[in-house]
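> Residues per chain are reported as follows:
There are 2 protein chains.
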Amino acid sequence: MRFEVTILGSNSATPLFGRHHTAQILNCNEIVSLIDCGEGTQLQLQRYGIKANRIKYIFISHLHGDHYLGLVGLISSMHLNGRKEDLHVFGPEGLKEIIDLQLHYSETSLRYKLVVQTTSPHTAETILSDANFEVMTFPLSHRINCTGFLFREKQRLPRINKDAIAALNIPTPYYPLLKRGIDYTDNEGKVHRAADLTTPAPVPRSYAFCSDTVNIKSYWPYIEKVDLLYHEATFLHDMLERAVETFHTTALQAAEIAKAVGARKLVIGHFSARYKDLQPLLDESRTVFSNTELAIEGETFEI
Amino acid sequence: MRFEVTILGSNSATPLFGRHHTAQILNCNEIVSLIDCGEGTQLQLQRYGIKANRIKYIFISHLHGDHYLGLVGLISSMHLNGRKEDLHVFGPEGLKEIIDLQLHYSETSLRYKLVVQTTSPHTAETILSDANFEVMTFPLSHRINCTGFLFREKQRLPRINKDAIAALNIPTPYYPLLKRGIDYTDNEGKVHRAADLTTPAPVPRSYAFCSDTVNIKSYWPYIEKVDLLYHEATFLHDMLERAVETFHTTALQAAEIAKAVGARKLVIGHFSARYKDLQPLLDESRTVFSNTELAIEGETFEI
Numbered sequence: 001m002r003f004e005v006t007i008l009g010s011n012s013a014t015p016l017f018g019r020h021h022t023a024q025i026l027n028c029n030e031i032v033s034l035i036d037c038g039e040g041t042q043l044q045l046q047r048y049g050i051k052a053n054r055i056k057y058i059f060i061s062h063l064h065g066d067h068y069l070g071l072v073g074l075i076s077s078m079h080l081n082g083r084k085e086d087l088h089v090f091g092p093e094g095l096k097e098i099i100d101l102q103l104h105y106s107e108t109s110l111r112y113k114l115v116v117q118t119t120s121p122h123t124a125e126t127i128l129s130d131a132n133f134e135v136m137t138f139p140l141s142h143r144i145n146c147t148g149f150l151f152r153e154k155q156r157l158p159r160i161n162k163d164a165i166a167a168l169n170i171p172t173p174y175y176p177l178l179k180r181g182i183d184y185t186d187n188e189g190k191v192h193r194a195a196d197l198t199t200p201a202p203v204p205r206s207y208a209f210c211s212d213t214v215n216i217k218s219y220w221p222y223i224e225k226v227d228l229l230y231h232e233a234t235f236l237h238d239m240l241e242r243a244v245e246t247f248h249t250t251a252l253q254a255a256e257i258a259k260a261v262g263a264r265k266l267v268i269g270h271f272s273a274r275y276k277d278l279q280p281l282l283d284e285s286r287t288v289f290s291n292t293e294l295a296i297e298g299e300t301f302e303i
Numbered sequence: 001m002r003f004e005v006t007i008l009g010s011n012s013a014t015p016l017f018g019r020h021h022t023a024q025i026l027n028c029n030e031i032v033s034l035i036d037c038g039e040g041t042q043l044q045l046q047r048y049g050i051k052a053n054r055i056k057y058i059f060i061s062h063l064h065g066d067h068y069l070g071l072v073g074l075i076s077s078m079h080l081n082g083r084k085e086d087l088h089v090f091g092p093e094g095l096k097e098i099i100d101l102q103l104h105y106s107e108t109s110l111r112y113k114l115v116v117q118t119t120s121p122h123t124a125e126t127i128l129s130d131a132n133f134e135v136m137t138f139p140l141s142h143r144i145n146c147t148g149f150l151f152r153e154k155q156r157l158p159r160i161n162k163d164a165i166a167a168l169n170i171p172t173p174y175y176p177l178l179k180r181g182i183d184y185t186d187n188e189g190k191v192h193r194a195a196d197l198t199t200p201a202p203v204p205r206s207y208a209f210c211s212d213t214v215n216i217k218s219y220w221p222y223i224e225k226v227d228l229l230y231h232e233a234t235f236l237h238d239m240l241e242r243a244v245e246t247f248h249t250t251a252l253q254a255a256e257i258a259k260a261v262g263a264r265k266l267v268i269g270h271f272s273a274r275y276k277d278l279q280p281l282l283d284e285s286r287t288v289f290s291n292t293e294l295a296i297e298g299e300t301f302e303i
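Just so you know, the sequences run in chain order A and B.
For the first sequence, full-length UniProt numbering gives the first residue as 1, with consecutive numbering after it.
For the second sequence, full-length UniProt numbering gives the first residue as 1, with consecutive numbering after it.
If you are wondering where the hints come from, they were derived from the structure by calculation, not from laboratory data.
Please note that the accuracy of each hint is not assured.
[Said to hold, decoys possible] The calculated lysine-lysine pairs, modelled on DSBU-like cross-linking and capped at a C-alpha distance of 35 Å, are:
id, chain 1, residue 1, chain 2, residue 2
1, B, 179, B, 265
2, B, 51, A, 96
3, A, 84, B, 276
4, A, 56, B, 276
5, B, 51, A, 51
6, B, 56, A, 96
7, B, 56, B, 190
8, B, 113, B, 96
9, A, 276, B, 56
10, A, 276, B, 84
11, B, 276, A, 113
12, B, 265, A, 51
[What the hints assert, rightly or not] Partial selection, computed: residues in chain B whose CB lies under 7 Å from chain A:
id, residue
13, 15
14, 64
15, 73
16, 98
17, 101
18, 105
Built from N, CA and C at the ideal position, the CB exists for glycine as well.
Let's have the full structure, built from the sequences with the hints guiding it.
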């Protein structure tokens with residue numbers, strides 16, 4: 001099953017060096033979500049050949065402009081491009097008011113249903129349960145209310161082991177029962193254990209998105225043992241004071257967090273416009289957590 | 001005196017083919033104004049090497065997203081990049097409310113003074129008088145309230161004709177008087193006419209910006225004999241019905257307007273995303289008004 005994230009924007013407050021504001025596309029079994037939506041996201045979608053109207057869910061971490069100012073433009077373009085399907089947007093208090101005000105003044109009646117759901121800034125909560133994955137928010141610690149997002153595949157059922165059942169001639173209506181762990185009793189009364197006739201489904205994978213937060217342990221429990229951790233790393237560690245002052249994280253800290261929570265892989269992003277060359281940020285992170293990559297725009301990371 | 005306009009965005013509702021939403025930079029004697037500010041304008045400014053903090057005035061024609069959604073991002077970036085100078089924004093009712101709401105939720109206290117002045121949708125009015133130019137709005141006819149802008153150089157004073165005064169030995173304190181038309185009487189009582197000692201200043205040039213309007217004569221008086229007319233030309237004339245329905249203009253109509261008002265030159269823009277190739281729009285316009293150019297992004301037109 002496909003479960004991957006594509007980087008559309010990687011820079012912090014001001015865009016520079018061809019790097020854009022935060023936005024990521026998450027594809028989970030062909031259900032497409034957008035995580036954050038900085039200015040120009042619709043242009044980045046075009047650049048990487050991603051159809052905006054495939055997006056089903058949008059998750060906004062917080063209301064600093066570099067994380068959401070592309071949203072109303074995207075919503076409008078979806079409307080102009082004939083979208084009919086519902087669009088679900090999850091974000092902080094205020095987001096609905098901002099969208100509604102702008103649609104009001106442009107006198108736009110969307111052709112599709114837009115559902116804006118407000119996330120809690122203080123409590124972790126499951127905000128979405130789709131067929132294949134669920135999404136949880138958890139509070140980060142930034143200058144304004146900001147949430148992280150954890151995307152986790154649902155536990156799938158075991159698969160039928162074709163070799164094991166080959167000789168048994170089990171009627172196919174029993175297959176779903178076997179997957180659910182119900183043993184099969186044949187015509188001679190012999191019990192065949194479901195566990196012997198199936199192979200376990202893969203362990204569910206997870207992706208955590210941690211944008212804009214100072215280094216604080218309170219959210220670590222929510223990202224424990226995550227397969228892929230995206231974490232902001234706005235500064236190099238020699239700028240620690242500035243990082244703390246602006247409620248951001250350094251590349252070294254992001255690596256320490258990834259190590260502490262037992263993440264399998266780390267992608268760092270949200271780079272300060274002071275860094276033209278990102279290699280020092282990568283190098284710094286890898287001193288602590290070798291399986292780090294840079295959030296390069298256009299790159300896709302399998303989870 | 002420099003008086004020129006640079007195109008930053010040329011497409012209508014949805015950006016495509018590398019074309020962006022409406023935005024233009026007007027440079028009048030090194031006073032820099034921005035006219036409309038579609039999403040991505042701050043990126044376009046970077047692309048063409050124009051420093052955002054040089055912008056003194058911003059004029060927004062109407063509140064459709066493709067004409068203003070880059071504004072809050074630009075205002076924020078100016079703040080982050082240390083702007084100290086006042087910024088004056090002119091736009092329709094609702095613009096101030098939208099800006100204030102977004103700054104409120106991002107908890108941004110701008111380091112500079114932002115003055116947002118509301119334009120009238122129904123009455124032509126002079127909204128700005130700077131040292132070298134003045135700006136007038138006039139109502140256009142679009143789906144929502146929309147104003148055009150007329151930028152006109154102020155009439156400058158005549159210049160001293162150095163050849164004519166060479167032999168007269170006129171004390172320099174008299175020069176400003178001559179420029180103001182006051183004749184000079186020499187020690188022998190002989191009157192030298194100011195008109196003979198000066199050369200007239202150039203005729204003031206003007207630039208009209210007509211975004212998003214159906215073809216209607218009511219605004220023609222405001223753009224009469226304009227040196228450079230920017231007029232939207234969203235469609236080819238075979239789409240006239242669609243143009244009328246959406247309150248837009250065809251390339252042919254834009255040319256007819258330019259001809260009717262006696263414009264010196266016409267630049268057409270706000271192209272529909274249905275046209276990858278813009279040449280047919282240019283060709284159509286030139287059948288009626290030969291001095292037409294396309295609003296190609298990055299191009300600068302002297303006025």
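> Determine for every hint whether it applies to the structure shown.
Quick rundown of the hints versus the structure:
Among the hinted pairs, residue 179 (chain B) with residue 265 (chain B) is consistent with the structure: their alpha-carbon atoms are about 31 Å apart, no more than 35 Å. The hinted pair formed by residue 51 (chain B) and residue 96 (chain A) meets the criterion: a straight-line CA distance of about 33 Å does not exceed 35 Å. For the suggested pair residue 84 (chain A) and residue 276 (chain B), the alpha carbons sit about 25 Å apart, so the restraint of at most 35 Å is met. Distance check on the hinted pair: residue 56 (chain A) and residue 276 (chain B) sit about 28 Å apart at the alpha-carbon level, within 35 Å; holds.
The straight-line distance between the Cα atoms of residue 51 (chain B) and residue 51 (chain A) is roughly 33 Å, inside the 35 Å bound, and the hint therefore holds. Distance restraint check for residue 56 (chain B) and residue 96 (chain A): the Cα-Cα separation of roughly 32 Å lies within the 35 Å cut-off, and the hinted pair is therefore satisfied. Pair hint residue 56 (chain B) plus residue 190 (chain B) does not hold up; C-alpha atoms about 48 Å apart against a cutoff of 35 Å. About 13 Å separates the Cα atoms of residue 113 (chain B) and residue 96 (chain B), which keeps this hinted pair within 35 Å; it holds.
At roughly 28 Å between alpha-carbon atoms, residue 276 (chain A) and residue 56 (chain B) fall within 35 Å of each other, so this suggested pair holds. Between residue 276 (chain A) and residue 84 (chain B), the direct Cα distance comes to roughly 25 Å. Compliance with the 35 Å bound is thereby established for this hinted pair. With a C-alpha separation of about 31 Å, the suggested pairing of residue 276 (chain B) with residue 113 (chain A) holds against the 35 Å cut-off. Between residue 265 (chain B) and residue 51 (chain A) the CA atoms are separated by roughly 39 Å; this puts the pair beyond 35 Å, and the hint is violated.
Given hint, residue 15 (chain B) at the interface with chain A, holds; its Cβ is 6 Å from that chain's nearest Cβ, closer than 7 Å. Taking 7 Å as the C-beta contact cut-off toward chain A, the hint placing residue 64 (chain B) at the interface holds, the least distance being around 5 Å. Interface restraint check: residue 73 (chain B) against chain A, minimum CB-CB distance 4 Å, threshold 7 Å, status holds. Taking 7 Å as the C-beta contact cut-off toward chain A, the hint placing residue 98 (chain B) at the interface holds, the least distance being around 6 Å.
Annotation: residue 101 (chain B) was flagged as interfacial toward chain A, and the flag holds, the nearest CB pair being 6 Å apart, inside 7 Å. Interface restraint check: residue 105 (chain B) against chain A, minimum CB-CB distance 4 Å, threshold 7 Å, status holds.
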